[in-house]
Every structure is written in structure tokens, then in C-alpha cells.
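Enquirer: Taken in order, these protein sequences are the chains called E and W.
For the first sequence, the working numbering begins at 1 and goes up steadily by one.
For the second sequence, the working numbering begins at 1001 and goes up steadily by one.
Note that these hints are calculated values from the structure, not bench results.
Just to be clear, a hint being listed does not mean it is correct.
Derived coverage of chain E by chain W (criterion: at least 3 residues anywhere in the stretch with Cβ under 8 Å from a Cβ of chain W; other residues may be distant) [claimed, not checked]:
(1) 85-95
(2) 98-111
Take a look, some chain E residues computed to stay more than 10 Å from chain W by CB distance [stated by the list, open to error]:
(3) Thr7
(4) Glu119
(5) Asn135
(6) Arg154
(7) Lys173
(8) Val191
(9) Gly192
(10) Asp223
(11) Val232
(12) Leu255
Cut-off 25 Å, straight-line C-alpha distance, at most; resulting in silico cross-link-like pairs (DSS-like, lysine-lysine) [to be verified]:
(13) E:Lys130 <-> E:Lys173
(14) E:Lys173 <-> E:Lys27
(15) W:Lys1201 <-> E:Lys97
(16) E:Lys203 <-> E:Lys175
(17) W:Lys1230 <-> E:Lys175
(18) E:Lys128 <-> W:Lys1201
(19) E:Lys203 <-> E:Lys173
(20) E:Lys97 <-> E:Lys64
(21) E:Lys203 <-> E:Lys97
(22) E:Lys173 <-> W:Lys1201
(23) E:Lys203 <-> E:Lys137
(24) E:Lys173 <-> E:Lys97
All figures in this text were calculated on a predicted structure; none of them were measured in a lab.
Ideal placement from N, C-alpha and C gives every residue a C-beta, glycine not left out.
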Amino acid sequence: MTAVSNTKPLVQARNVHKSFDHLEVLKGIDVDIMPGEVVVVLGPSGSGKSTFLRCINHLESIQKGYIEVDGEQIGYRLHNDRLERLSPNGIARQRRKIGMVFQQFNLYPHMTVLQNIIEAPVGVHGEKRKDAIENAKQLLQRVGLSEKADAYPRQLSGGQQQRVAIARALAIKPKLMLFDEPTSALDPELVGEVLSTMRDLAKQGLTMIVVTHEIGFAREAADRVVFMDGGVVVEQGKPEDVIGNPQHPRTQSFLSRFL
Amino acid sequence: MSTNPTTNAPPSGGADFRDVVTAHTPFRTGRLVLWAIIAIVVLDFVWIVANNENFGWPVVAQYFFDPTVISGLYVSLGLTVVAMILGVALGLIIAIMRMSNDRLASGFASLFIWFFRGTPLLVQLIFWYNMSTLFPQLSITIPFGPSLISWDTNAVITPMTAAIVGLALNEAAYMAEIIRGGLLSVDRGQAETAEAFGMTKGRALRRIIIPQAMRSIVPPTGNQLISMIKATSLVSVIAMADLLYSVQSIYNRTFEIIPMLLVAVIWYLLITSVLNIGQSYIEAYYGRSERRNGATAKPAAVAAAEEASH
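Looking at chain E on its own, in the form it has when it is part of the complex:
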């Protein structure tokens, strides 16, 4: 589970800056994420943690610095020793190894659960339909929703929808999974089922970046906790250190609210 120190990081973020109009949201983020590592990003609302996550697959473009995933610079390429912005299709190609789970689930409401899961594997990755369906059924079993394959998202509870969304993201066999506050839109009694699905994934060695407010999940499942505030990384380290014995006053005051 713990990252091996001599391998190359899967994600490298260097001096990442991002602003919306004149509001600077990210003020120089440096983070490395090793293959197989589970990193939980904590921080108060507005700390820039969701924005940072969205920069990793270029849903937001950054204004300074760079982000590299699996050896490729996201959104750009070197061409004749000059950095060139990628075309939309080039960016689309880079995103294909990154799975994402959204706060609002964002299942395709006009498709059944099964169609939701096979859409990208068949349509984007060119998998054979038969194989994709086979794989989708296994994934549904993994998230405990085998009997829901033919249901429409509307017929599912929030927790079930989010588990389908996780299966959908896994179906593209991602090298990296991004979770953007996956339990924030759920009723409290439904949070547990989604977190336990995510805990299983963490155990299986998937590289995950999880933006969340669930301190419990961070403590149990994370290899590393990154605490962000005001657009910078304030503190990072093992969960028992950052959560159990925070050094920075801002981390302390943030965590004190959960005790």
C-alpha cells in the first residue's frame, strides 16, 4: 500500500497557480503522488482543493507551473523544444487514463446503469461491447449493485447513484482516480456505503486523490493527508501525524471542529 520510494511519481504538480478573473485560488501548489498511493486532500471550503483536483485532468486550466500525469504534461506538449497547447482532442486523449467521480454523481440520466458504465469504454476506448458489458457487470457486483443494471439513475438512491458513478469511472481502467467530494451531496445515512466502496478500492492499490470532509475516511484509508488552506498546501504527511498531531495552527483550528 505504501508507495515505493524509488519509483517515479504518477502525478507531479509544480508551482501550480490558478485564478478566476482576479481571485487567486491556487497560489503555488507542489504535490507528488506515487503510484498506488491514496491521498486525501482536506481543507475548509474555498481552500482551492476541488479546483486543484479539477486542474489535474484539465477541467480547469492553470496559469503558471505545470502538472504531469503518468509522464505527460496535462494540456500541453513539447513540440520542437517549445511548449504547445494541446487541441481539445489531444486533451481528451490525455484524460482517458484518469477516472473522476463528482460531488453530484452526474450519471447520464437518459441511460440505464449499464449503459452509463459502458459508454466510455465502448465509445471512447474502443472496447468490444460484449467485453465492456461483461466488465460492467463485474464492476456492479464489486459496488454491490448487480441487480440495478437495467435501472435508470432516477430510480436509485443517492448512495447507489454514487456507487454506479464509481463503477463507471473504474470501467475505463484508470491509472488515477479523482474523487471530488464524493459524499457531500449524500444524506448522512448513505455516506457509509460510498465510503466503504472507496475503502475497498484503496486496499486494492488504486491510485486515488480524494477531496473530502470525511476525516474518518482520511484517517483509515489514506496513505497521506494533504491539508490545504487559502490556495496553498499548509501541511502534509501520514494521517496519524496530520490529523492526530497537527503542527500548523490552521490545521489545528480546522480539525478542532471535527472533534
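Knowing the structure of chain E, use the given hints to seat chain W on it.
Expert: Then chain W, alone, in the frame of chain E:
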């Protein structure tokens, strides 16, 4: 709480009389009277229409399936279908251009919509029909250079082409706004999700956005189609032999103006009625994921899934 023992006592037979199962709706005399009055008025109106000889019902019956009328009907239907298909296709392109970040594309789309929505259809039709007075020759040329191929405008712009071009371009302007509204009605998160999964813009539109936009595009499009059927009657001014033109050509000979117009009216009503039915089926199709009991779509599977989710 209740001090009156009779309210709580069950009536004979054991059933509580407050149980709504036993309720009945009292007979409403007022409604019946209203129905009766309206029925009398309607019947009287029908009787007047049926017995007024000026309506010329025998003439209506005689000409209803007249070959001239039927060929005019085909022209109207054909024009509607062709102009509508072209209008929707072009409208989709214009809508996407209008929503694009590219200034050139969105500027062109806005200009197109501004012009074709802002001028009367009748004027546009007459304009197209009289193209030859503006440009006697249509040529493909190298800009400012020699011409490669050239046609006589009057040979290209027949009443048929003028009608199709006029109706389709006008329709495209309206459809573009309807389609744009539909695309905007889809949750922004859907496009973002498609993007995050590495879909190209085209695929995201085709597979994710348009199917969801259809729910708000279909009803106004049905409206447009019905308008289009009626708008085809305008082409009679450019000597295109549509339904209206053919009944006019008959009453110009026979002077049976009202009966012949009734023939056209009844045909227009028949077509629009059929279209209304078609529209409700299309709406049901695109609304299938909305219904909680997907009775028509996938009875067994969905019903079972539903049972379990409750």
C-alpha cells in the same frame, strides 16, 4: 380528545365510517346543467353549419379527393418534410455555432438568426423567387478572377427551389434558437462529465447532451412543424402548386370559393391532427427515463428494479 362518543364508535359491520374507502362523490347538478347547455349550443351550431347551403358540402365531398387537390396536398407535405429536415439540420449547426467560443462562428450565427427571423417569410419567398433580377447568372468563380462554371439563375431558381430555400432558411433561424434553448437546458455537469471521460465535443453532443436536450426541443419543434405546414400555403404566391394553390385554381374556374377553401381547411386539420399524435409518441420516447414506472420501455426489468429501490 373527543368527548362525543359517537365519533369514535364504529358503525355496524365493524368498518370505521371515517375510512376514505367508503367515501362517495356527491352528485353535482350544476355540472350536469352546464354540460347540457353546452351540448345544445354545439349541436345547434353543427345543425346550422350542416344545413346552410352556402357551405356547399356536396361540392366539398365532390372535390375532396380531386386529383388536383391531392397533388397539391402532396406538394404541401413534401415541401414541409424537405424544408423541415433542412431547417432542423441547418438549425442545429447554427445553434452550435452560436454557442461556440469562436467569435467568427457565433457572430455569423447571430447575423443569420437576426436576418431570417427579422424579415417576413412571405417577403423572403418572393425575394428568392426573384433572385434572377439581382443576379441573372450564378457562377462559381475565383474571387475577383475568372468564372469556372455558370448557370442561368432562372433555370436554378424554380418555384420549387425558391420555396424550399425560403422555407428552410427561415425555419433554420427559428430551430436554431429552439435547439440552443434545449442544449442550454441540460445540466452543465453533464458536458463536464463527458469531457472528463475523454469524449470529444462531437461525441459528447451526440451521445450525452442532445438526447437530454430533446425533451425540451421536441414540443416547440412540433409547434414549428405545424406552423410549417400552414406556412407552405404562402408559396402559392410564387406559383407553387401546393394545397392552397390547387384549391384556388379550382375555385377560379368554378367560383365555389367557400367549399373549396373548406376542402383545404379539412386537409390541413387532418394533417395537423396526425402530427399531434406523432408528437405525443416522440415526447413519451424522450421522457422515458423520467417516468418512475417505465411501463412502456422495459416493463419487467424496470418494475423489478423499482420494487427493490423503494
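Enquirer: Quick one: which hint numbers does this structure break? Sort them smallest to largest.
Expert: The structure conflicts with hints 4, 6, 14, 17, although it agrees with all the remaining ones.
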